[in-house]
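There are 2 protein chains.
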Amino acid sequence: MKSSESSLSSDLIDSENHDSDIDSAIFQLEMVHIELDKLNEKENDEILTIEQKYKKLRQHYFNKRTEIIESIPDFWSTVFTSHPGICHILYEDEEDCLRHLQKLEVETADNIKSGYSIKLYFNENPYFKNDVLVKEFFYKQGQLSSISTKIEWKKPHPSTSSSKEGTSKSARKRSHSSQQTFFGWFANNEDASSDIIAEIIKDDIWVNSLHYYLVPDPDMEGNNDKED
Amino acid sequence: MKSSESSLSSDLIDSENHDSDIDSAIFQLEMVHIELDKLNEKENDEILTIEQKYKKLRQHYFNKRTEIIESIPDFWSTVFTSHPGICHILYEDEEDCLRHLQKLEVETADNIKSGYSIKLYFNENPYFKNDVLVKEFFYKQGQLSSISTKIEWKKPHPSTSSSKEGTSKSARKRSHSSQQTFFGWFANNEDASSDIIAEIIKDDIWVNSLHYYLVPDPDMEGNNDKED
Ligand SMILES: [Ca+2]
Ligand SMILES: [Ca+2]
Ligand SMILES: [Mg+2]
Ligand SMILES: [Mg+2]
Numbered sequence: 476m477k478s479s480e481s482s483l484s485s486d487l488i489d490s491e492n493h494d495s496d497i498d499s500a501i502f503q504l505e506m507v508h509i510e511l512d513k514l515n516e517k518e519n520d521e522i523l524t525i526e527q528k529y530k531k532l533r534q535h536y537f538n539k540r541t542e543i544i545e546s547i548p549d550f551w552s553t554v555f556t557s558h559p560g561i562c563h564i565l566y567e568d569e570e571d572c573l574r575h576l577q578k579l580e581v582e583t584a585d586n587i588k589s590g591y592s593i594k595l596y597f598n599e600n601p602y603f604k605n606d607v608l609v610k611e612f613f614y615k616q617g618q619l620s621s622i623s624t625k626i627e628w629k630k631p632h633p634s635t636s637s638s639k640e641g642t643s644k645s646a647r648k649r650s651h652s653s654q655q656t657f658f659g660w661f662a663n664n665e666d667a668s669s670d671i672i673a674e675i676i677k678d679d680i681w682v683n684s685l686h687y688y689l690v691p692d693p694d695m696e697g698n699n700d701k702e703d
Numbered sequence: 476m477k478s479s480e481s482s483l484s485s486d487l488i489d490s491e492n493h494d495s496d497i498d499s500a501i502f503q504l505e506m507v508h509i510e511l512d513k514l515n516e517k518e519n520d521e522i523l524t525i526e527q528k529y530k531k532l533r534q535h536y537f538n539k540r541t542e543i544i545e546s547i548p549d550f551w552s553t554v555f556t557s558h559p560g561i562c563h564i565l566y567e568d569e570e571d572c573l574r575h576l577q578k579l580e581v582e583t584a585d586n587i588k589s590g591y592s593i594k595l596y597f598n599e600n601p602y603f604k605n606d607v608l609v610k611e612f613f614y615k616q617g618q619l620s621s622i623s624t625k626i627e628w629k630k631p632h633p634s635t636s637s638s639k640e641g642t643s644k645s646a647r648k649r650s651h652s653s654q655q656t657f658f659g660w661f662a663n664n665e666d667a668s669s670d671i672i673a674e675i676i677k678d679d680i681w682v683n684s685l686h687y688y689l690v691p692d693p694d695m696e697g698n699n700d701k702e703d
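Protein chains in written order, with this note's numbering: chain A, 476 to 703; chain B, 476 to 703.
Accuracy of the hints is not assured; some may be wrong.
Copies of the same chain are indistinguishable here, so a pair counts whether it falls within one copy or spans any two.
[What the hints assert, rightly or not] EDC-like, lysine to aspartate or glutamate: derived pairs with alpha carbons at most 16 angstroms apart:
hint, residue 1, residue 2
1, K531, D512
2, K530, D585
3, K530, E516
4, K630, D496
5, K578, E599
Hints in this document: simulated from the structure, not taken from any laboratory.
Pulled out of the complex, with its shape left as it was, chain A reads as follows (with noise of 0.2 angstroms):
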């Protein structure tokens, strides 16, 4: 780029051209970098093909597990009531109801910004009606939503009755930090971009079940946090 033109500028040319020698040089640093701008886009381009063909790869191994899960009596009650993020907000019959708990999965689109649903398929069970209950992540104008399946409740459930729509926002928070229940945190799609348990169950639960149905139930442990 130095050209003998250049080189002598600074003294000898007058300051038009002396600009107009900026200006071209601009004008190519603007091309080289639309170029890069396009290195840019390939690349991510290239990156998500990748990650599309893995995750195709990785659904038939999640495929082979769910299969593979459903042979084991209790294995998502088990999970769910052996997880520290889950356990507390367990409510009275609920752990009983997750025993009907036969299958989970969690689905993510091909591009995670455009949000993810967990599936929970029961069993025929004495609590509600329903074969999948469905809570499904959204983006809503760059927003983070959630609708969730309703429950048919068979007998009425006090699990729900703290967080039902309608509830005012104080009552709602109450119902967040010491009185949430697991239908309860299924029922709720008041505040989907901060939905602790729904993370825990795409990014934890969902990666390491067989860990956590290894791992000690902790009220076996002797902790005794929790009295029914």
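Model the placement of chain B with the ligands on the given structure of chain A, informed by the hints.
Structure of chain B with the ligands alone, referenced to chain A:
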């Protein structure tokens, strides 16, 4: 996985057989997890390969950019005095000194977790004898550390006097908050993991130098925070 045996098990088979069914299922789950781990590792390897390929492709344009920039008088001094995170540490004649900065390069290791270096190439100048000043960042026992070229001043320079080796911790802290200087920053390797100036150069100036060259100098805009 749901064999006829396993669907009969809960009622008919004794608990020892039941346990061995579960043990076998757990073993199969462990095998599935080994396959999932292998897939994750292969995915990471493929992504790293792509990142390295594009790093090489980008290098061609970075070299071209460096060449063009060398034809623009005062490019880097303009960039540094225009950057809101750098301009306030330019001490007295440092701005003039930086007019002799002909070339700036940021080199990252193939794996960014191995560190990076900032290289400042100077023309012959009245301030110091060095042609090139290098500040290198590397991981040492998991901790980001740095070393930098010893500057051979032609005359004693006030800018490094407040951050020389051997100053007390409190003196160094004072210098960081209000009396930091550009060459004081360069010479200071006491706190590499919180070296904000180095991060600005690596993540912003290196990427967006053209932008900062083109934005108007804050001093030219009637912004008279600094009084010389
Ligand atoms: Ca010129
Ligand atoms: Ca069995
Ligand atoms: Mg599964
Ligand atoms: Mg450059």
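**OP:** Mind listing which of the numbered hints don't hold for this structure, in increasing order?
**Re:** 4
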